[in-house]
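Protein chains in written order, with this note's numbering: chain D, 6 to 379; chain W, 173 to 494; chain A, 1492 to 2045.
Heads up, some of the hints might be wrong.
Keeping only pairs whose Cα atoms sit at most 27 Å apart, straight-line, the calculated DSSO-like set for lysine-lysine is [what the hints assert, rightly or not]:
{"id": "1", "chain 1": "A", "residue 1": "K1744", "chain 2": "D", "residue 2": "K257"}
{"id": "2", "chain 1": "D", "residue 1": "K257", "chain 2": "A", "residue 2": "K1762"}
{"id": "3", "chain 1": "A", "residue 1": "K1713", "chain 2": "A", "residue 2": "K1744"}
{"id": "4", "chain 1": "A", "residue 1": "K1649", "chain 2": "A", "residue 2": "K1713"}
{"id": "5", "chain 1": "A", "residue 1": "K1762", "chain 2": "A", "residue 2": "K1744"}
Estimated spans, in silico, between C-beta atoms of each pair [as the list claims (entries may be wrong)]:
{"id": "6", "chain 1": "A", "residue 1": "D1887", "chain 2": "D", "residue 2": "R18", "range": "54 to 60 Å"}
{"id": "7", "chain 1": "D", "residue 1": "F200", "chain 2": "A", "residue 2": "D1888", "range": "54 to 60 Å"}
{"id": "8", "chain 1": "A", "residue 1": "P1530", "chain 2": "W", "residue 2": "L325", "range": "28 to 34 Å"}
{"id": "9", "chain 1": "W", "residue 1": "L325", "chain 2": "A", "residue 2": "D1627", "range": "51 to 57 Å"}
{"id": "10", "chain 1": "A", "residue 1": "D1746", "chain 2": "D", "residue 2": "S15", "range": "55 to 61 Å"}
From chain W, some residues computed to sit far from chain A (all C-beta separations above 10 Å) [to be verified]:
{"id": "11", "residue": "G228"}
{"id": "12", "residue": "N283"}
{"id": "13", "residue": "Y320"}
{"id": "14", "residue": "F365"}
{"id": "15", "residue": "A422"}
{"id": "16", "residue": "V488"}
Keep in mind the hints are simulated off the structure, nothing from the lab.
By construction, the Cβ of each residue, glycine as well, lies at the ideal position given by its N, Cα and C atoms.
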Amino acid sequence: MTLRIEPRMSVPRWLSPAATILALVVALAISGGVIAFVGGDPIRSYLHIVGAAFGSVGVISDTLVKATPLLLTGLACTLAFRMRLWNIGAEGQLLLGAWGASAVVLFPLLPAGTPGFILIPAMMLAGALAGAVWGLIPGALRALLGVNEIIVTLMLNYVALLWIQFWVFGAWSEGGFQQSEQFPPEAFLPRLTDFASAVPALGGLTVHLGFLFGVGAAILVWLVLERSRWGYEIRLVGDSPEAARYAGVDIKRLIIVVFAASGALAGLAGMSEVSGVVHRLQDRFSPGYGYTAIIIAYLARYDPLKVIIASILFGALILAGREIQPSGVPAMIQGVILFCLIVADVFVRYRVRLVRTGAAAGAGAPGGSATSEA
Amino acid sequence: MDVTLLLAAGIATGTVLLFAAVGEIFAERSGILNLGVEGMMLMGAVAGFSTAVSTGNAWLGLALAMLAGGLISLIHAVVTIHLRADQVVSGLALTFLGTGLARVLGEGLSNAGETARMPVFSIPLLADIPIVGPVFFHDQSVLVYVGYILVPLAWFWINRTRPGLHLRAVGEAPAAADAQGINVYRTRYVYVFVGGLLAGLAGATITLAVSPGWFSDLTTGGRGWIAVGLVIFAQWSPLRAAFGAYLFGAITRFVLDVQGVQSVFGIENPFLPGRSATFLLGMLPYLLVIVVVVLGSREAARKRVGAPAALGTPYVRGERGV
Amino acid sequence: MTAAPPSPPGPGLGPPGPDPAAPERPPALEAIGIVKRFPGVLANDGVDFDVRPGEVHALLGENGAGKSTLMNILAGLYRPDEGEIRVDGAPVSFGSPRDAIDAGLGMVHQHFTLVPSQTVTENILLGLRRPRFYLDAGRSEGEVARLATEFGLRVHPKAKIWQLSVGEQQRVEILKLLYRGAQILILDEPTAVLAPQEAEELFRTLRAMTDAGRSVVFISHKLTEVMAIADRVTVMRRGRVTAAGQPAAGVTKRDLAQLMVGRDIVGLYDKAPFQPGDVLLSASDVEADNDRALPALRGVSLEVRSGEIVGIAAVAGNGQAELAEVITGLRPCRGVIRIGGDVVSNRPPKHAIKAGVAHVPEDRTGVGSAPNLSVADNLIMKRFREPPVSRGWLIDDGRTRTLAEELKDEYAIAAPSVDTRARLLSGGNLQRLILGREIETRPAMMVAVQPTRGLDVGAIETVHRLLLERRDGGAGILLISEDLDEILALADRVDVMYEGRIVGSFDAQTADIQQIGLLMTGAGGDEPGDEGVAGAGDLGPAAGPDVAETEAST
């Protein structure tokens, strides 16, 4: 018996979503097994997650809050991954973005009392810029010196974490605690609950403007990737750098630009987090959004619009997972999901079957004799 | 601070990176990029430590740590070798999985307290050599000595033996190797597994020898990734990997030790714990990895020696290959 | 089918090997009723084939006839779906190439299976069972050197494969088989990569091997070669044997051609009169390095005029690939290349595209197309920056599709839709896609590299027709091919390249193949009075544009 894997000539429309859903189900089943093995109750855990994430309007709002940084970093990864640039540094770029946005208030770059309609855009700009710079480093190293971007982005994540710590333990520390003082209210992104005085039903809803930024960014990234010359170049390079060069694409410049844009999106995520949720800069405010973003991008199959859905799902997992014991469960589930998705992807792209003969040979290439005669 | 003590501690710390890097070299030489080193190390670390806690036997812990690393690496092997999935994505997934699983399994281990460790001893005669002796052969863990043996052994295996010849062929030109009757898939499985074993060993080296204890995913603190970076710097040679690993070990120790000094020449040490400048100093190893990878890439480009040609590419018989 | 007729002692040229054709002795190798299916293709349909000890048996057929499939089965790479293989009369079953090698069967593939980063000796030791563990480099190198001398295969045992020429690499492949004690050697189109003189050297080696009692299976589609080297000939067409084991002495080229393609071979094309116009491309003193930083072009000067096809004849690896790359901006160089006065050398590839240089690259799947993008996306690769495909920063999806549909129909690209991924196209269809895309921009200048390699007969004719149409439409075409017949059929002028220099220029009508062959191997330099040798490049007026025959005869 041997495994025979042949590429599919055509993929039925239903297959890809079906495989994705099946992968999620299998992943939850496997994770459930592990939870049961370490003495937990998987059914209760999952019910808890659903209840805690979608049980009421209030928690749905909380889920969207968690989904916001995931959405923006997920888009950052999607943009880069489409070009097969492995930006694993969305986490670091998010942290730098948060730092940049905070700097506007804490240095302060703009005087105290600056009205919100100036302050907020300034913070967005600073956050995106700081993220872009953090993305530019691996981008430039990759484009100009051929340095592996995976290692550089990862190392920069650790550096970014220490950079935040340097500030919140030092110059910006609030009374020796590992956090800055709270931002002035002008620096807060508006939340639904802020309008509760006008519409009482909105009371307690924490979802903030950042989520809208995220949805807007998703549409923008989709437009860029699918409908613009720039996106065409990105897809071309992602599929075949040699073909892209042949088509006249300036790959080096594109790498740098895409990395910077990717970093800017992640930086925006950091800004939205400090300005919309935490309202200050503090140590370890991100539970690894930038890493989860990698899985989200993959789950969405690098489709910016699907990133919206995927980030909401993972927002729910992170929100509800905080209360699940043991604490590693959400992280583990993410890993299992990613593996199940990878395997599901194989079944979408290839026809996999067991063949009785012991023939290791003969797994003919597509087009059979055409290749064998070539 | 005592330089020989610092270096000796650096060697011990570097041994962690050494095992992980040599393991990754084996996997990459066969053409499989396994970015899951961090996850495999954490699996090894937790398996080794929890076994040592519950049985009191560090050796048993070591064996189970290697097994844990090896077994989890097989997931990556199946997915990338047989199912031809993207090696980068699969490696990342392995990191997530290993990290999450280790955290789940390590729940409560942080409070385990004192446990069994790997034995520490000096090598007679060699320990008496000036400078070299105290650094390399005095009061080191048995795992450090294993590292000394592993490096030349790995080099010899890769460059002077038939299995090594076949390993290199599979990583450079799998189609050519296949045509000569070498089983490409089996070779890759074996070396991915070996990589997993060594990553597990690296994890156990932390929890059973170098800095015993379980600190959740901070136990490795990115050292799995540093090992992956070292492989590029080492240009896939175990000898260079050893050099890099020990160097990094020393630097990591230096960053820790410098915080224990009150003042130098009457100037107060700005890196005392609690001082925020400590965090800038803490960046040093990570920044150094970037520098080292840049240097490695430059040198590789100049000397035209690079990654194994088939690295990252699934092998499918009959398809246009490398 | 009567697979191995108990034929009387072989044809006149039977080698003096050890008892080559005694009737009672079984064939060295016998394949009976081989069937092999690939998805959608019946590659071998009940094929019988046999090889006697001490003979050269040619297997003839067009691309796609099933020769390579049959040989891959005999070499253990594929498993037949049906049929039997016998070695020395005993049935065998090969699960892998190693089983075949153990049975004394070895194959030299068209694409060599060597490890570039390893030495000749390491490559020869690859996959062997002994020495089991420790490799004593010195001892093995000695053995390899001895074997190389015995059969006249000149190659250094310590050299790294990537440093060797294609001809030398082929010798390593043969050495590999001899070192394994192969009795039957299968050579898949071995001369495709060789210059005529190198081919003759190979033939001498093959003779030395059959004289020593070994057998050779020689796969080819070149009739002349087959007639020169083979004792017997088997012809295949569309997966079947059309002539089994005919003595080569008893057949004519014409017979074989008929058997091979099922009709008379088409001769040269009817070309429109040669009426060159202005100089389009001029390169002067161009130097460039290859990927290994070794000099690939050492001062090339050439011109291509509008309305002419200039063929570059060269053995693989003599700088012709790099020449195409410097013209299209894909490789940096020293010297100047102009397209109609506009300097294109050392400019980004985009510049050459804008200057009207179309490029049909050698690597269709890696360079010429993006395999996972749609047919439509592949068709706009060169024009996505301009209207009507683009509108400012945006790409107009609707117009892209319309354009793609038009091209798909016009160039008969067989694909389910324009959304089909390019990798699912057959070689011929992919090449039609690339040619369609490149021609559609009405380029002033075309660089076509190996445009028909690996295509079937029908596709080759299409490609040739399209190129000639462009020439007649006033484009200048630089045709780089390792197939000398193709160059002579299409080109108006022929430049011969050797080691990065142009060592000769000919008018295609009057060119002497023998002379070109000599120059391709670097042997032409000694010839006195050779018009092409001295002036590496100054060929504009010398090429005789006034020779303009109305029709090329067969």
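Hints versus structure:
1. A:K1744 - D:K257: violated, 54 Å
2. D:K257 - A:K1762: violated, 44 Å
3. A:K1713 - A:K1744: holds, 10 Å
4. A:K1649 - A:K1713: This hinted pair is violated, its Cα atoms lying about 34 Å apart.
5. A:K1762 - A:K1744: Judged against 27 Å, a Cα distance of about 25 Å means the pair holds.
6. A:D1887 - D:R18: 54 to 60 Å: violated, 25 Å
7. D:F200 - A:D1888: 54 to 60 Å: violated, 39 Å
8. A:P1530 - W:L325: 28 to 34 Å: Between P1530 of chain A and L325 of chain W, where Cβ atoms are some 46 Å apart, the hint is violated.
9. W:L325 - A:D1627: 51 to 57 Å: The hinted range 51 to 57 Å is violated for L325 of chain W and D1627 of chain A, with Cβ atoms some 19 Å apart.
10. A:D1746 - D:S15: 55 to 61 Å: The hinted range 55 to 61 Å is violated for D1746 of chain A and S15 of chain D, with Cβ atoms some 44 Å apart.
11. G228: holds, 39 Å
12. N283: At roughly 49 Å from the nearest Cβ of chain A, N283 of chain W sits farther out than 10 Å, so the non-interface label holds.
13. Y320: For Y320 of chain W, whose nearest Cβ neighbour in chain A is about 22 Å away, the distance exceeds 10 Å, so it holds.
14. F365: Consistent with the label, F365 of chain W stays out of reach of chain A, its closest Cβ about 20 Å off (over 10 Å).
15. A422: holds, 33 Å
16. V488: holds, 13 Å
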